[in-house]
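Novice: Residue numbers (the numbering used here), protein chains in the order written: chain A, 1 to 354; chain B, 1 to 354; chain C, 1 to 354; chain D, 1 to 354.
Simulated from the structure, these hints should not be mistaken for laboratory data.
It is possible that some hints are incorrect.
Distance condition first, Cα-Cα at most 25 Å in a straight line; then the derived BS3-like pairs of lysine-lysine [stated by the list, open to error]:
no.: 1; chain 1: A; residue 1: K350; chain 2: C; residue 2: K149
no.: 2; chain 1: A; residue 1: K217; chain 2: C; residue 2: K217
no.: 3; chain 1: A; residue 1: K195; chain 2: A; residue 2: K159
no.: 4; chain 1: D; residue 1: K319; chain 2: D; residue 2: K195
Where chain A lies over chain B, by a calculated footprint (3+ residues, C-beta under 8 Å) [said to hold, decoys possible]:
no.: 5; segment: 35-45
no.: 6; segment: 265-277
no.: 7; segment: 306-314
Only some residues are given here: those of chain C computed to face chain A with a beta carbon under 8 Å [claimed, not checked]:
no.: 8; residue: T101
no.: 9; residue: L347
no.: 10; residue: L354
Values in this document were obtained by computation on a predicted structure and should not be read as measured data.
Even glycine gets a Cβ: it sits at the ideal position worked out from N, Cα and C.
4 protein chains.
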Amino acid sequence: MAGNSFGKLFKLTTFGESHGPAIGGVIDGCPAGLELDFEAIQEELNRRKPGQSAIVTQRKEPDTVEFYSGIFEGQTTGTPIGFVIHNANQKSKDYSHIKDTYRPSHADYTYDEKYGVRDYRGGGRSSARETASRVVAGAIAKQLLKDIKITAYVDSVGKISLNKPHYEVDFSLIETNPVRCPDKAKAEEMEAFIKQIRSEGDTVGGTVRCVISNVPKGLGEPVFDKLHAELGKAMLSINAVKGFEYGSGFEGTKMKGSEHNDLFNEDGSTKTNLSGGIQGGISNGMDIYFNVAFKPVATIMQKQDTINKDGEIVEMQGKGRHDPCVVPRAVPIVEAMAALTIADFFLQNKSSKL
Amino acid sequence: MAGNSFGKLFKLTTFGESHGPAIGGVIDGCPAGLELDFEAIQEELNRRKPGQSAIVTQRKEPDTVEFYSGIFEGQTTGTPIGFVIHNANQKSKDYSHIKDTYRPSHADYTYDEKYGVRDYRGGGRSSARETASRVVAGAIAKQLLKDIKITAYVDSVGKISLNKPHYEVDFSLIETNPVRCPDKAKAEEMEAFIKQIRSEGDTVGGTVRCVISNVPKGLGEPVFDKLHAELGKAMLSINAVKGFEYGSGFEGTKMKGSEHNDLFNEDGSTKTNLSGGIQGGISNGMDIYFNVAFKPVATIMQKQDTINKDGEIVEMQGKGRHDPCVVPRAVPIVEAMAALTIADFFLQNKSSKL
Amino acid sequence: MAGNSFGKLFKLTTFGESHGPAIGGVIDGCPAGLELDFEAIQEELNRRKPGQSAIVTQRKEPDTVEFYSGIFEGQTTGTPIGFVIHNANQKSKDYSHIKDTYRPSHADYTYDEKYGVRDYRGGGRSSARETASRVVAGAIAKQLLKDIKITAYVDSVGKISLNKPHYEVDFSLIETNPVRCPDKAKAEEMEAFIKQIRSEGDTVGGTVRCVISNVPKGLGEPVFDKLHAELGKAMLSINAVKGFEYGSGFEGTKMKGSEHNDLFNEDGSTKTNLSGGIQGGISNGMDIYFNVAFKPVATIMQKQDTINKDGEIVEMQGKGRHDPCVVPRAVPIVEAMAALTIADFFLQNKSSKL
Amino acid sequence: MAGNSFGKLFKLTTFGESHGPAIGGVIDGCPAGLELDFEAIQEELNRRKPGQSAIVTQRKEPDTVEFYSGIFEGQTTGTPIGFVIHNANQKSKDYSHIKDTYRPSHADYTYDEKYGVRDYRGGGRSSARETASRVVAGAIAKQLLKDIKITAYVDSVGKISLNKPHYEVDFSLIETNPVRCPDKAKAEEMEAFIKQIRSEGDTVGGTVRCVISNVPKGLGEPVFDKLHAELGKAMLSINAVKGFEYGSGFEGTKMKGSEHNDLFNEDGSTKTNLSGGIQGGISNGMDIYFNVAFKPVATIMQKQDTINKDGEIVEMQGKGRHDPCVVPRAVPIVEAMAALTIADFFLQNKSSKL
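Only chain A is shown next, with the shape it has when bound in the complex (with noise of 0.2 Å):
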């Protein structure tokens, strides 16, 4: 059922499949009296284009999205904002070899199963492509929330991990190299492991973190549609994701509550935040931190025994030019997740009180 919006208050909803005409949305739910900064947005989507740097895919997109609506004189008007993304490369290829074969550990089989028919080309619909409509609401809702800072990193690459508290990460540090880890040594690492593996035909997985700052209090919804909850879900629906932590996630489970309760200061903050700013589903005004997994990349440069629409085991082999590691591309994927979560709910939280 209609599982193409996300938010309720700010809520955008995609369309397009990879090799289709064109990608685009709509965002329902805008405030008006927003001055756009149309380059910005351009420079997120910019971030997550193919062929950016050497370790990612060298596929050519020029992604250059065209507002068709909700803006007037610069300005977003209230009414939604329809957006359009051309698809260059939607032609010429040639895709005989997926059209009747699933391929492993991809959405093909589980598409057909479901719909009878799938637009096969380049992954259609499942591909990650549709994350740039995603980038491009993103952007708007970064600019809803001036002061709130969303900012995400490359936390691990396969088994090497940055290993750092966020708060001791250098932030500035993100954009300096192509994986988008804060830290140079580690990025360098990263870089030539996932070199590496792309030689061998073959991809990596990884984790994205990500902090938001400046957060206001009150932010979450309890019961169901929890801060946490509504972020976690978010960053579940990006492609590849595998798993999602906040605050002391899955390690925090071994310790004892006296080590992991977050003992107050006088002004309310508190004093360690293995919380992750959020505490009953509601932010607290601490950064809120958390984690994100991805898996590594399905379509790799090897031969591959599967299966076709007959139930035939074949053999199939990736072809064309994929990302070895998603990484250094999901991560402002994960920020316009992130920050779409958190205008909605931003707009939700003015109903709380009288």
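Position chains B, C and D against the provided structure of chain A, taking the given hints into account.
Specialist: Same frame as chain A, now just chains B, C and D:
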């Protein structure tokens, strides 16, 4: 905004505070014609109930559910199922110690910031008592789902971990011990550890694993409402949950694509199942399995410094009867939320194709 | 699908059948900090109650509402307000005459077609008894809306019509007669007619007019959720309603634009108000007014041919105590639904601009 | 809040302003496997298009729809259908006369009050141009509904009324005249009247009747989402609509129950159909029919006093090419909204019973 509902077609709305006259809920969208097994519903409530064993809170709550509507001659009628659980414990407690004081790592502070007022008795709305309503609805969802089996168990308590893949677990052992860990030796070790922690006035976290078998192919709605994204939200909405991972989860991020891909058998099943039964957000018919991380209970029987409403540092200590570790009682709650999620997608999927 | 909720931010979900143990509802989204006047709530219920005068059904129902949650020390807390009205009349009735027989122009046949099963006792879910829950929620919405005045009255009974524009009506007369028509002579005429109709074992329809004054400008959400579109849906969801018109309504279709346009005064108010206080789906601050058409009650005390479940023609006659005309008791229901609609838009409008 | 979507399972979201680069929409939830007839879609757009006859606005808009997604090899894929209609007329107009001036009985004033800013060109979002997107989606809904026939026609223009029950109407006559009134003599009378009104620089209202035949029993979701309540909302959301009535409507309020009740035939059909095909909010298989009231167009070619943004009285006169009467072009819009409503309930009803 209206955060007290879960699901779209099989939709639960809950109400109620820990120490108000009653908690309860409304299930809207349960198809007509389902013969209900009321004993099975009560049995699920009993699995969640306080006082069920020596290692959980010794509070007394009969937790008897009364149905007010939507059922006629033992059968659902398609109209909303309203139900109520009266609170036995609602009176006479002394809450003066938390009325004006914020318990560390609880929701007291954030509720006050959000709403400007809170029912401080026993945690009010933020109490896990609310989950009893989820268990009622989940029990009905389970009956709707018939052959789909949803089984959760304790996978770790503190650092003590079962350390077994789910397919090697003997589910018949789960209910043979108060921890709900399907391994006699590990269960005893966990139980002893919980008792020791309690004797220190402390608490500890843990993880619950859930396995869903016999799932029809095609459940889940891309792109935002992916099956695992909604499962993740469902789990993260449970009190004290800090993380969610499915299939290979966080460990999978360290793998290569060539190791991680699940190769097909001729019948569409897969030789491995690192995907966790979900590809592209849609079930593929293999077992769905996931882990849920629970932090240590915040209420400890040790003295802690905290602040009151006036921002003054005061000393406080937990009172009353609390769980030293929530995971044994969380098992039926995890199952209930999984059942609600799957039931909702089961109904949604009726519209996926002509 | 889940059709038992109304509203998005101020959201009511109702449950309950006419002759089950109880009816009730959950209000989710009422802002925290509202001091409730419980007598005023009960007073609204009393206006809707059976047995209140000689011209309505003489059934006995105390219709006492119990609140189970969401209120603490007389104030809303921002958490869901669960409430219940126990059914006094639930037992011992004889329904054998409608168990297998479909009453003409009732919902018996359609419920059976849709659900395959129905609670036939007293109409079950299709009974107007459900509207008592709406009145409870509407009474709270009225209190939230404070200075916005919502006033309904009977405008016609059968062919007897008040025949006055709303701005010439003296609202203080509404509750001075059992018909709730704000004109002594007309009310007496209507009352006499209703009594005569009842003596014939028959029923009659009528219309209710509602006026909403002191409405803030800007309420309503184009394009689908226009203020009058949601008001229309709200009214059409009330049992027995066949039509809705606002402002100039159906008569306005006969006018010319030059007659129909409402010219502005310098302060933005309009010299006429054929628009009915709404332009482009958004309130303009003028009085909102609309008419609601109620058909004659289907249960008559005369013999009618009908069919049973086996498709055989059988004779039936209404039993029990039914309203000969619903409009007097519909007045508080119309007000309640108007209040719910306005309250919802009031909260929604908080997000319309920066 | 996000008022630009209609439907729950078959869900349309529209975007676009009258004179922006494009309008369009996203249909989310259309089942996979529907072979689309693109000519039929364009034909519906043509029925709504400006310039189609001498009695409608002579603006030029090709109104050609482009589909961007959700369709593969002529078939729906279950993924969202994004579409766009580029605005041909978007440039070069002179809007200085409405930039700072509020047209009487238009949405200019209320948009400014609500949003603080508005796209004043050609009415912006409040223009009926938005309904072209509805017609696209409605045309697809019609194809999904196959054998369910949805037919609208003009029932009155000003005081000239067809004055026939729908079952005496010859639907084949509707498209034989520019008024879309299925009666040659009445249509000519109406056409002459519209021309005369236009020659006076004035406008006039009218009503559209819609008949839905061959409806499956069981559509509609009590209690708030009754079939006629959603139909009413759908119609009231169309620009210029002031009223909705179904079945016996407002006239039915004057009848007695003994006259109004629809007695059953043995097969469950009814001898009369004052219920309008809906009982208790659920379709009973009989024809659904309803009337929609359209006010006279607010833009007239006569001088009127109005106010500007500074609250000063100024004189204005309509410019450009406007409809003297909207009902002929409203016919396909009414059908489209009816189709969207029925399609949504058709999908919802799949979950009503086991």
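Novice: Hints first: check each against the structure and report whether it holds.
Specialist: Going down the list of hints, with the structure as the test:
| no. | hint | result |
| --- | --- | --- |
| 1 | A:K350 / C:K149 | holds, 23 Å |
| 2 | A:K217 / C:K217 | violated, 30 Å |
| 3 | A:K195 / A:K159 | holds, 15 Å |
| 4 | D:K319 / D:K195 | holds, 18 Å |
| 5 | 35-45 | violated (count 0) |
| 6 | 265-277 | holds (count 8) |
| 7 | 306-314 | holds (count 5) |
| 8 | T101 | violated, 37 Å |
| 9 | L347 | holds, 4 Å |
| 10 | L354 | holds, 4 Å |
The structure fails to meet hints 2, 5, 8 from the earlier list, while all remaining hints are met.
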